[in-house]
Amino acid sequence: MYALLALTSHESAAVVQLRNDDGTPASPVQTVSRAALPAVVRALEEAHHPRWVWDRATHWYPDLLAANVRLERCHDLSLCQNILLYSAFAADTDYARQATPVPPEAENLRQGTPLGTNTSSQDSLFDAPVAAAKDKAWDLAAVAKELGAQKSAISSSTHPARLTLLLSAESAGALVAAEMHHEGIPWREDLHRRLLNDLLGPEPALHNRPEKLEALADLLRTELNAPTLNPDSPQELIRALHRAGIDAKSTRSWELQEFNHPAIAPLLTYRKLSRLFTTNGWNWLHQWVREGRFHSEYVVGGVVSGRWASRGGGAMQIPAQIRGAAVADPGYTFIVADAAQLEPRVLAALSQDSAMAAAGRDAAGQSKDLYAGIAAQGFGGDRSMAKIALLGAIYGATTGESGRLVPQLARMYPRALDYVENAARAGERGERVSTHLGRSTPPTGTDWHASQQSSSAPEQRRAESAARSRGRFTRNFVVQGTAAEWACCWLAELRRRLRALPPGTPSTGGLAVAGGPQLVAFLHDEVVVHCPVELVEEVSAILHDSSQAATDLLFGPIPLAFPVNVSVVQCYADAK
DNA sequence: ATGGAAGGCGCG
DNA sequence: AAAGCGCGCCTTCCAT
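When we follow the numbering used here, the leftmost residue of the first sequence carries the number 4, and every step to the right adds one.
One or more hints might be untrue.
Claimed, not checked - Simulated restraints on C-beta separations:
# : residue 1 : residue 2 : range
1 : 4         : 551       : 53 to 61 Å
2 : 263       : 324       : 20 to 28 Å
3 : 445       : 29        : 35 to 43 Å
4 : 365       : 401       : 28 to 36 Å
If you're looking for bench data, these hints aren't it; they were derived computationally from the structure.
Quick reminder that beta carbons are idealized off the backbone N, C-alpha and C, glycines included.
Using the sequences and the hints given, assemble the complete structure.
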């Protein structure tokens, strides 16, 4: 059963209609005011458990969450279209040529709108200003038409089951992302401020450096004999360093570390603290933390490979330095789970390299550290060497230690290395490559093909360099993208199981609504659940079970598991 | 004046 | 030890 959700043609109200799986109407079209929508949606959810179909979850779900309405399933036409347009699995269908683009996200809902009087979850399509509504949101007919087109593209594709799984997981991701934004990460502003005060000094007046930062800048000016130096200016800095006899090619910290000069230590300290101040300082707190929660927006499918991105506050780049401020509420704890060596394991599964898979198991068939296993098989037990070699193979390293170690890996695991080599060669030829479930690389532009034909020597060098660069991209794409699919399936399974935890029913979200375990963060191969202490055992088991379920969904029965490390901590900084 | 590139560094 | 993938965010610097 589907429930189609759209706007009326004059965009002042919503329309809802139930449809059977074959697309025939199962209810009359119901017109609903904005105020009444959450109650209507809740009633339909409880009565029919439909799959909600909308142009994009970000247009509808935040308002529903604000009214405490949570949904089990959806089909996000925008995210699905984004996949189907490029998927090699659907290349021979009419869909890619005929699809109507989904209306874009209303600009006023997006970035630069810090949490304030007008949070994005309070706004909606209903009161989007005229300027933003130039591209009309879809009405019911458009939604129905696009759903039909997508279903037919899937069924006439080369791998309907895989695409169905991918689109279902991606849509579930859209629900998770909105819920995590709504929920936020518990954030102790007082602890964060104490940290800032200890490291930087008191909060400075507008446009001033904190006193400890200014003191470091002064020390640096003295050591470099450059009284007016602005240490934030790479140009001024490199000139001052050269004058002081420090012959660095750039001002990157790792390069400066090599020099022995009294200016280096204060400079490196300045860099570290300056970043804390500008990126995660008082401004960050003011902009992104409200009522003890850090609310950042997740962008599902925001990366070409299918990984998520984030918008506002950098939820996926929270530095270790400030993780001490993320503390679970009283009566709750964080359960932090990360998939161990996810990308290498994905490579072993994709390439069906049984030797590499065996390196991830012990004699009893239990999962063990894959890098350690590979190290034991061919790197004299040196785990870090094995890790550098494996990552080099996935990223396409050619020089340095990593580049030197790859050939040894190729002798040990020819199938796995062939798999990424083939992806790289295809990319160099300008071809498209795909993940296991069928997300494909965007096509190369016409200019790329033109540049490959160029004749003059310098142009040809550039063309070859561009081809190698694309080869590294496609080599990594198949692994990173399939890892993202695994993670998305893991998330979806996790969410489904958390919602089913008793007491409560799926339609009300059970505990998911009434203070139960909540997903509060997701970082590519890691999730954070904010969990009532009495449910730690159950939720930990669910994290493991969901991993196995995701593996089965993606790859079927394979002699390789995707183990997750689970740590139960009060404070995010203590994980692992 | 302002938008975008580049340098730098945080995360996976 | 510092090459090879994917991002977001902040500041400076340069072109339009």
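To see whether the hints hold, each was checked on the structure:
1. 4 / 551: 53 to 61 Å: 29 Å Cβ-Cβ, so the 53 to 61 Å window is violated.
2. 263 / 324: 20 to 28 Å: Hint holds: Cβ distance 26 Å, inside 20 to 28 Å.
3. 445 / 29: 35 to 43 Å: Given about 37 Å between the Cβ atoms, the range holds.
4. 365 / 401: 28 to 36 Å: The hint (28 to 36 Å, Cβ to Cβ) holds, given that residue 365 and residue 401 are roughly 34 Å apart.
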